[in-house]
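*Asks:* Residue numbers (the numbering used here), protein chains in the order written: chain A, 1 to 244; chain B, 1001 to 1244; chain Z, 2001 to 2244; chain P, 3001 to 3244; chain X, 4001 to 4244; chain S, 5001 to 5244.
Hints in this document: simulated from the structure, not taken from any laboratory. Note that this is a predicted model, so its numbers are computed, not measured. Idealized CB from N, CA, C, for every residue including glycine. Heads up, a few of these hints could be off.
Said to hold, decoys possible - Subject to a maximum C-alpha distance of 20 Å in a straight line, what follows is the list of computed SDA-like cross-link-like pairs (lysine to any residue):
#1 Z:2219 to Z:2032
#2 B:1167 to B:1118
#3 X:4167 to Z:2118
#4 A:173 to X:4126
#5 S:5219 to A:192
#6 B:1173 to P:3227
#7 B:1190 to Z:2019
#8 X:4173 to P:3227
#9 P:3219 to X:4192
Said to hold, decoys possible - Only part of the chain S face toward chain A is listed, based on derived beta-carbon distances under 8 Å:
#10 5106
#11 5110
#12 5132
#13 5133
#14 5175
#15 5197
#16 5204
#17 5220
Protein chains: 6
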Amino acid sequence: MKIKIINPNTTQSMTDKIAASAKIVANSDTQIIAVSPQMGPATIESYYDEALSAVGVLEEIRQGELLDADAYVIACFGDPALYAAREISSAPVIGIAEAAMRTASYVSTGFSVVTTLQRTVNMSWHLAHRYGATPFCKNVRACDIAVEELEVPDSDAYRTIRDECKKALAEDKSDAIVLGCAGMSDLCLKLQNELEVIVIDGVAAAVKQAEMLVQLNLKTSKVGDWASPPVKNYTGILSGFGVR
Amino acid sequence: MKIKIINPNTTQSMTDKIAASAKIVANSDTQIIAVSPQMGPATIESYYDEALSAVGVLEEIRQGELLDADAYVIACFGDPALYAAREISSAPVIGIAEAAMRTASYVSTGFSVVTTLQRTVNMSWHLAHRYGATPFCKNVRACDIAVEELEVPDSDAYRTIRDECKKALAEDKSDAIVLGCAGMSDLCLKLQNELEVIVIDGVAAAVKQAEMLVQLNLKTSKVGDWASPPVKNYTGILSGFGVR
Amino acid sequence: MKIKIINPNTTQSMTDKIAASAKIVANSDTQIIAVSPQMGPATIESYYDEALSAVGVLEEIRQGELLDADAYVIACFGDPALYAAREISSAPVIGIAEAAMRTASYVSTGFSVVTTLQRTVNMSWHLAHRYGATPFCKNVRACDIAVEELEVPDSDAYRTIRDECKKALAEDKSDAIVLGCAGMSDLCLKLQNELEVIVIDGVAAAVKQAEMLVQLNLKTSKVGDWASPPVKNYTGILSGFGVR
Amino acid sequence: MKIKIINPNTTQSMTDKIAASAKIVANSDTQIIAVSPQMGPATIESYYDEALSAVGVLEEIRQGELLDADAYVIACFGDPALYAAREISSAPVIGIAEAAMRTASYVSTGFSVVTTLQRTVNMSWHLAHRYGATPFCKNVRACDIAVEELEVPDSDAYRTIRDECKKALAEDKSDAIVLGCAGMSDLCLKLQNELEVIVIDGVAAAVKQAEMLVQLNLKTSKVGDWASPPVKNYTGILSGFGVR
Amino acid sequence: MKIKIINPNTTQSMTDKIAASAKIVANSDTQIIAVSPQMGPATIESYYDEALSAVGVLEEIRQGELLDADAYVIACFGDPALYAAREISSAPVIGIAEAAMRTASYVSTGFSVVTTLQRTVNMSWHLAHRYGATPFCKNVRACDIAVEELEVPDSDAYRTIRDECKKALAEDKSDAIVLGCAGMSDLCLKLQNELEVIVIDGVAAAVKQAEMLVQLNLKTSKVGDWASPPVKNYTGILSGFGVR
Amino acid sequence: MKIKIINPNTTQSMTDKIAASAKIVANSDTQIIAVSPQMGPATIESYYDEALSAVGVLEEIRQGELLDADAYVIACFGDPALYAAREISSAPVIGIAEAAMRTASYVSTGFSVVTTLQRTVNMSWHLAHRYGATPFCKNVRACDIAVEELEVPDSDAYRTIRDECKKALAEDKSDAIVLGCAGMSDLCLKLQNELEVIVIDGVAAAVKQAEMLVQLNLKTSKVGDWASPPVKNYTGILSGFGVR
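Build the full structure now, drawing on both the sequences and the hints.
*Replies:* What follows is the structure, encoded as C-alpha cells:
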C-alpha cells in the first residue's frame, strides 16, 4: 500500500525526519512517500501560515491521486486543509493531531499536549473540540520553541520539551503526553524512555491509522459533505486548481 | 472611514451586489471598497473552495494595509481565513457569518440559517459553535441552490429561498431568519417584507459591526494568538506571501 | 435617534458617569437619555438587588415607549430584566454585559472580565453562557470593591482594578479586558493606555450596538418568546404595571 | 415544621389548589402556609410577568422570616426570584421546576415537560440547563393553554394536557411527564392514572424536598454567592426592601 | 417503610457505620436494613472493584424484592450498578453520589467533592456529568487515603480530610463540601461543626431522598430503558441471576 | 501477535461469528482467540445484563494475561467493563463501540448507529458522549430486534436492519452507518454493498485498532486511573477475583 505523507511546510529536513519516523512504524508492505509542497511557508506557526499551507497540501493530494495513493497523512499538528483534502480524494486522509488525540484516548485517561508556541495553544484546543477529544485532553502547553529550532541539531529543544512534559505530568495529573508538532516525532522514543510514560507522536499514529483504514477498505464517504467539490472555474495563480 | 469588503470568490456580479447592499447601510462618511480577489474559485461551495479562497482573501488584506483600510469584511458565509486575516492587520476584520449570528442574537430568541447547498450545513453549525451562537441557532437549512444560481436574474432562487424560510419559521419555531450566503444579500428586504419577520443579511450586519468597532477605536488584540505572524520565508506561487 | 440608557440603580453620580461615557462614543445625531429609576436599590451587588431592580428598569422602558425611544441600553453588568424589557418594546434593548462580551469576541481570542465583588462572579459566568461567550471568556475576576467605592473620587479603586487586570493578563493569558461594572466606564481609556491592551466598556459597546441595530432597522422579533406579554391585571404597588 | 409556599401570582384559586396539593403529600407534622403576594401579576406567562413577580415573592420571604418558616417553596414553574430568595433567608428555598426536574431524574431516563404557552418553552429549557437536567429532559411541549384556563372548572384544559402528554410519550420516547405549571398540580394523579406513567408535580416534589432538607438540617450556604445581600438603601415604591 | 441500604463492599464495620448514619436521619417509621453483599471486594477503589461489586449489589436488590423493600440506597460514591438495579425493581433506587450532588445543588452555588484516592477523581467527574451536576461541582479532590484507613479508629484520616476540605473552600471558592465516600459518613457532623460550612453526606441524603420518593408514590418508570430486563439464561457462577 | 476477543455473552454461535469477522481483517501474523466467558448472560440487552457480564469479561482478561495476550477486544457494543479491564492488564483493551465510533469519524462527517432494542439507545448515546463522538453521531436508531434473532439463520433481521439503515441515511442525513451490535458483524459487507455507503463493524475496527496499538508499542498508561487495582480481598463466588 502507498501512503503519501504531506508535510505542509517546505522545510525538507523536517520532511526527512517525518519520513524516518513513519518508516519505523509502517508495515513492511507499506510504501511511505513523504513530501513537502512546492509552495508555501517554511514552517507553520500562525493561522496565517496554516491557511496558506492549504494550497500546497491540496496540490500534493491532487498529485497523489495521479499516483493512486491509498491513503494520505497531513503531517502538521494543525491538520491544515484536512476536510478539503477529503473532498478531492476517496482515499482516507488522516491528520496527525486527529490521529494522536484519538489514539491517546485508547490508552490514557487524560493526556497533555506539549507544543511549540503559545499562540498555537488555542488552535490545539479547537482541534481537540472538533475531534471530540476534550474529555481526554487535560491541558495544552507551549514550550516557546520556534518550529525551526527543532531542526537545529544541538539546540536546547529536547531539554525544554522534556521539562515541559514533566511539568505536565505533575501539574495536569496527566498519564500520557501527546507531541504537538510533527517536528518532534524524532524525540518520541527518547522522551518515552526518559519520562517512563506513554508519549504519542502523531506521525506514527496517523500512519498506522491510515494503514488500518486501507486494510478495512474504508474510504472517505462521498454521500455527505465530503463529496467531490462542485465543478468550478479557478483563476489567477490558482487557475490550476479548478475541479472539472 | 474606509471599509474594504472582500468577496472571497471571483464572481464580479456577486461583488457588485455585495457592494450595493453594503452601501445602503453604511454611514455617509464610510467609504465602501468591495473587491473580488485576483485568484481563486468562482464560487465557494465546499471545504476545498473555502480553503483555497484564503489565498485571495489574504492577498486583499495585504493590499488593504497599503491603503490604510480601517476595517475589513470577509463576505462569504464560511468566513474563510478570518483568523489568519486578523493576524496580518490590526484593523478589525469581520466575517459575515459571525456578524449575522451575533447580530441576530440581540433581537431573536432563536433563528434559522437558510443557506444554499446541503453540504455546507455542517460548516454553518461549526461556525455557530465557534461564535457561541448555538443557543440561538435553531436550525440550519439548505435550499439546494448552487451559489451561481443566485446570480441568474430570473431564476427560481428567490421563491425557493422564501419557501424554505417559511418552513423554517413554522417547523423550527424560529422568530428570525439569517441568510446563509452573501449572494442573498439583495433578497433581504424583499424577504423581510413578504415573510413579516426579521431577516438578517450578514453583509449589512458586518459593515455596521465594522463601523462600530472603528468608532470605538477597538483593534484586533496583538498580545495573543492574533499577533503578527512570525517572519518567515514562503516559496513557489506563494513566494510573495512571506512575512517580513 | 434617541437611545435611552437605564442605569438600573438609583445612584445618580453613576448615571451621570454612564451618560458621559455614552456621549463620548455616540454618533452626532444620537440623543442619549440616561436615567436612574424612581425606585429600587442604590447599587446592585446581589441576586436580590438584581431581581428588584427589574421594577425600575421596566418602568423606565414603559416611560421610554411614550417618548418613542429608538433603542434602550440596560447599564448594569447583570443585564437585569433584559428579556422582560424586550417583550414590552419593539425597539432593540441591549444589555451591557451582552454587548461587551460579544464586542470583545470580534477583537480578542480570550478576554478576562474584571468585576467588583466575588459574589457576582458566577452571575457573570452565567451570562457568558447565556450569550454564547464561554469560548472567549477565559476568566471572571473580582476585585473585592463595593460598587459605591467606584463613586468615591479618591478611592483606591482604580489601582485595585488595574492590578487585577494585570494579573488577568498574566495568569489567564488573556488578550483583552472586559470591565464588569457600568461604574467602571470612566476608567476604560485610562486602563487601556496604562495596560496597553484592549479594554472593553459595556456602556460604550452597547450604545454603538444599539445605534447599529436602529440603523439596520432591526427590531426585537415579536413572533417568538419576546412577543408582547399577554394582557393581565396587576395589583398592589405594581398595579400600574398591568399590560392592556 | 413550617413550610411557606409562595404562589408568585395573585390568583387565590390557584394558591388554594397548590395548598391542597401540598397538604396531600406533606408529613403530618408539617404546617403548610400557602400565600399569594399582595402585589404583582394575576398569572405569569412572560419574562415580564416573571420579572415583576419577584417583588411579591421576595416580600413573602421577608414576611416568612418573621414567622420563622423552616423552608420555602416558590410555586411557579419559572422559579422566579429563586436565587434572590436564597440570599435573604438561611432556610432552604426550593423552586418547583428545580424540584420536579431533579426528582424526575431519580425515576426516569428521559422525561417530557408539558407546559402552558409556547412562549415559555425556552424558559423551561433554560431552567433545565441551569439545574443540570438537560440529559434527562427529552422535550418541552406547550399546550397553548393560558394559565387562567386551568382555573376554569369545566374547561378543556385537562383533555388538552392529557393529549399533549400522550404525544410526548409516543414522539419523544419519554418515560415520565413533568407538569410545567403549578396550576396543573391537581391534575397529576388523574393524569398518572389515565396515562399509566409517572407524572411529576413540582409542588408535591418541592414540598417533600423542603422537608428533607429541613430534616437533614441543611441550610442555604452563606459563605458564597448566597450570603446576605449587602446593606443598602432602596427608594420609591421599593423603599421597604432595603437590607439593613 | 423499609429502606434497604446496600454497602457494595464487604467490610462490615463500614456497613455498620452507614447504618448508624442512616438511622440518625431516617423518619421514625422508616426501617433501615443495611447490608454488605455475600460476595465481592472488601473496599471499592478502582473501576475493577466497582465493576465486580455489581454482582453483590444486584444480588441484594433481588433479595430485597422478596422482602418488599420500599426503596434501596446504594452506599458507595461510585453508585455501582445503579441503572441495572433500577431495572430489576420498581422501587426507587438511589445512589449516594447522585443524592449528595443533587441535594447540595439546592443549598450551594458550588461545592467541592472530597474523596479518597486520586484514581477515583475522574470517576466522580463522570458521575457529576451523568447527573447534571457539573455546573455546581467546582472541584473533586483526593486525600490519598485508602478506604480501609477510614475504618481504623485512630488514624489521621479525619485531619487529612478536614485539611483537604479547608483547601477546597479556600482554593476552589466552594461554599459546601460533598463527602466522596460512604465511609466518611460518620465524619459529616464533626466536619460541619469545625469547618462552619455545609457538609453533605450522601448516605443521609440518599435515605431522605428515598423516603421522599416513597411518600410521593414515585416508582422507577417501567416504560423506558429501566423496564424489567428481558428474560434470559445465565450460566456458571452467575446461573442464579437469570431473569425469568 | 495474539489478540484475545471476548464476546461478553455466552452465545457460542455469536462468538464464532465474531471470530470469523475478526479473522477476515486481521493481519496474517495476528492470532485471533475468540471466547465467550464461562459465566453470565446469554445475550446483553439491558443495564442488568451489561453489569453482570463484567464478571466474565474480567475473568477472561485474567486468563488472557496468563497467555500473554498482546491486546484485547471486548466485543459487545456496550463496551462492558472496559475501564476495569484496562486496570488489570497493560496490554491495550479496545471496546467495539469505541473503535467503531472513532474509526467512523475519520471517514464520515456524521454517522447513524443502528442497533437492536430501543432500550439500549440511551446507552449508545452515553458511550458516544464518553468517547467524544457526539459531534459525529447524528442519531442512534433501534430496529426492535432481540439480539438472539441475529443468530436465527432465516430471520427477517437482515431486512429489518437494512430498512432502518435506509431510513437513517435519508432522515438523519448521515453518510455512514455504524452497526450497534457485535452480532451484526457478518452483515457488514452485505449492507455496505446494498446500501452503497460506508458501514462500520466494530469488531473489525477494534481488531485493527488493537493491532495498530501493539505495533506502536502503546500500552495502557499505568500512571493514572488505570494503574493496577489496589491489592484486596474478595469473597464469596468472587473470591477468585482478589488482586494480589
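*Asks:* Now look at each hint and say whether the structure bears it out.
*Replies:* Structure-based check of all given hints:
1. Under the criterion of a C-alpha separation no larger than 20 Å, the hint pairing residue 2219 of chain Z with residue 2032 of chain Z is consistent with the structure, at around 19 Å.
2. Proposed proximity of residue 1167 of chain B and residue 1118 of chain B is supported: the alpha carbons are some 16 Å apart, at most 20 Å.
3. This hinted pair checks out: residue 4167 of chain X and residue 2118 of chain Z have alpha carbons roughly 18 Å apart, not beyond 20 Å.
4. Between residue 173 of chain A and residue 4126 of chain X, the direct Cα distance comes to roughly 16 Å. Compliance with the 20 Å bound is thereby established for this hinted pair.
5. Taken as a hint, the residue 5219 of chain S and residue 192 of chain A pair is honoured in the structure, with Cα atoms around 12 Å apart against an allowance of 20 Å.
6. Taken as a hint, the residue 1173 of chain B and residue 3227 of chain P pair is broken in the structure, with Cα atoms around 40 Å apart against an allowance of 20 Å.
7. This hinted pair does not check out: residue 1190 of chain B and residue 2019 of chain Z have alpha carbons roughly 38 Å apart, beyond 20 Å.
8. The suggested pairing of residue 4173 of chain X with residue 3227 of chain P holds, with an alpha-carbon distance near 13 Å, which does not exceed 20 Å.
9. With a C-alpha separation of about 12 Å, the suggested pairing of residue 3219 of chain P with residue 4192 of chain X holds against the 20 Å cut-off.
10. Residue-level restraint check for residue 5106 of chain S holds (minimum Cβ-Cβ distance to chain A is 6 Å; threshold 8 Å).
11. This hint holds: residue 5110 of chain S has a C-beta 6 Å from the nearest C-beta of chain A, less than the 8 Å allowed.
12. Hint status for residue 5132 of chain S: holds, given a least beta-carbon distance of 3 Å to chain A, under 8 Å.
13. A cut of 8 Å between beta carbons decides the hint on residue 5133 of chain S: the least distance to chain A is about 6 Å, and the hint holds.
14. Proximity of residue 5175 of chain S to chain A holds as hinted, the smallest CB-CB distance being about 3 Å (cut-off 8 Å).
15. A distance limit of 8 Å between C-beta atoms decides the matter here; for residue 5197 of chain S the minimum to chain A is near 6 Å, and the interface restraint holds.
16. Given the 8 Å rule on beta carbons, the hint for residue 5204 of chain S holds: about 6 Å separates it from the nearest Cβ of chain A.
17. Hint status for residue 5220 of chain S relative to chain A: holds, with the closest Cβ pair at about 5 Å, below 8 Å.
Checked against the numbered hints given earlier, this structure breaks hints 6 and 7; the rest are met.
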